[in-house]
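Engineer: Chains as they are written, first to last, in this note's numbering: chain R, -7 to 132; chain A, -7 to 132; chain F, -7 to 132.
Some hints here could point you the wrong way.
[Unchecked claim] Residues on chain R that point at chain F, a partial pick, calculated with CB under 7 Å: (1) 17; (2) 19; (3) 81; (4) 117.
[Unchecked claim] If you want a taste of the chain A side facing chain F, the calculated C-beta under 7 Å gives, among others: (5) 51; (6) 91; (7) 105.
[Said to hold, decoys possible] Away from chain R, derived, C-beta distances all over 10 Å, residues of chain A: (8) 64; (9) 71; (10) 116.
No wet-lab data here; the hints were simulated from the structure. Note that the structure is a prediction, hence the values are computed from the model and not measured. Quick reminder that beta carbons are idealized off the backbone N, C-alpha and C, glycines included.
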Amino acid sequence: MTRHLTIQVPGQGLHLITAQVAEAVHQSGVQEGLCTVFLQHTSASLLIQENADPSARRDLERWLNRLVPERDPLYTHTAEGPDDMPSHIKAALTATSLSIPVVDGALALGRWQGLYLWEHRRYPSERHLLIHLLADPTPE
Amino acid sequence: MTRHLTIQVPGQGLHLITAQVAEAVHQSGVQEGLCTVFLQHTSASLLIQENADPSARRDLERWLNRLVPERDPLYTHTAEGPDDMPSHIKAALTATSLSIPVVDGALALGRWQGLYLWEHRRYPSERHLLIHLLADPTPE
Amino acid sequence: MTRHLTIQVPGQGLHLITAQVAEAVHQSGVQEGLCTVFLQHTSASLLIQENADPSARRDLERWLNRLVPERDPLYTHTAEGPDDMPSHIKAALTATSLSIPVVDGALALGRWQGLYLWEHRRYPSERHLLIHLLADPTPE
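Just chain R, same shape as in the assembly (with noise of 0.2 Å):
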């Protein structure tokens, strides 16, 4: 009841993964149960966030950029580049697991929440998850 998924990222920023989190939940065949998403990564998060206005998103990224810039003097761990450090920082801040409920065989997400991946690193890569899904027991 664990599936693996692997997502190609072009770079910094966030990518949807609604629909393939979705898929993996319509192939179990889960009807009612828990769907738990697991990131295998320490530069990368998972976020539920607004799908609407890319605005929003836009503004989030620019945001926490500025909060966790690159080159600052603090950081000691540069050797695997400078968006490196800044990587594991809002990685911290943010999720590596989220739990969502399936309802009526689909993920319970509300009206304007979408699942991304935020890929911290600026380079391409490929990024791998767990789809964990667990069914409700029948009632007899």
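Add chains A and F to chain R, keeping to what the hints say.
Structural biologist: Just chains A and F, lined up with the frame of chain R:
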């Protein structure tokens, strides 16, 4: 095993919802298991925080309001009011889902932990939460 | 299926608890399922972060200490010491519960992921965690 909970909030602030979630656990009859609370919004959060001294909660709110102020010139997403973009940022920095073990028929919160709905918008609204309850299988 | 884990922490910092949680998974006998870790405190956090280079963890701590310093004149909740209010704020910005799939009898952490108890108070203390283990139903 997923219950809906609607909370009327008067505006920005931490609203204690421990009792409502505890009541859902009680009504479910689950004795040992897991309770997952999920918030269907992107401008409010779930928070487990000190439930004793109100000054801790006030400082927390004031601190976050200072970190993420209204009318920051960075924001371009301003059509829904000056409190909207800060609300999305605050929600991204805090939790949308929380999972709490159920032990002996009750939420296994620590002695000082309260469960809060953290409203980030200024105005009264109705917020929707889902409470998923899982009962551990009975040993045979 | 909920186990108690007590961790003695010497003071502020990231304390690796992967081995203790992995041992609880092993003892449970769960082969496929979900492991939820819940921290019963409001001045410490759970964190999944890079377990390779210690400089990344040090920078993370120094960065958060700079963002949320002690003796900020904003704080009114000061009766429990200068490290108390910053601890609550840091806890609010990070995780109190984390859910990790169990695959082939082991926590399905990514290659570079370690699980940490992030203590925010300065002094030695005893911290209590709950580990909930769910075994997926066996296919018939």
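Engineer: Next step is simple, just say for each hint if it's right about the structure.
Structural biologist: Outcome of the hint check:
{"no.": "1", "hint": "17", "in the structure": "15 Å, violated"}
{"no.": "2", "hint": "19", "in the structure": "15 Å, violated"}
{"no.": "3", "hint": "81", "in the structure": "5 Å, holds"}
{"no.": "4", "hint": "117", "in the structure": "13 Å, violated"}
{"no.": "5", "hint": "51", "in the structure": "5 Å, holds"}
{"no.": "6", "hint": "91", "in the structure": "5 Å, holds"}
{"no.": "7", "hint": "105", "in the structure": "6 Å, holds"}
{"no.": "8", "hint": "64", "in the structure": "8 Å, violated"}
{"no.": "9", "hint": "71", "in the structure": "8 Å, violated"}
{"no.": "10", "hint": "116", "in the structure": "18 Å, holds"}
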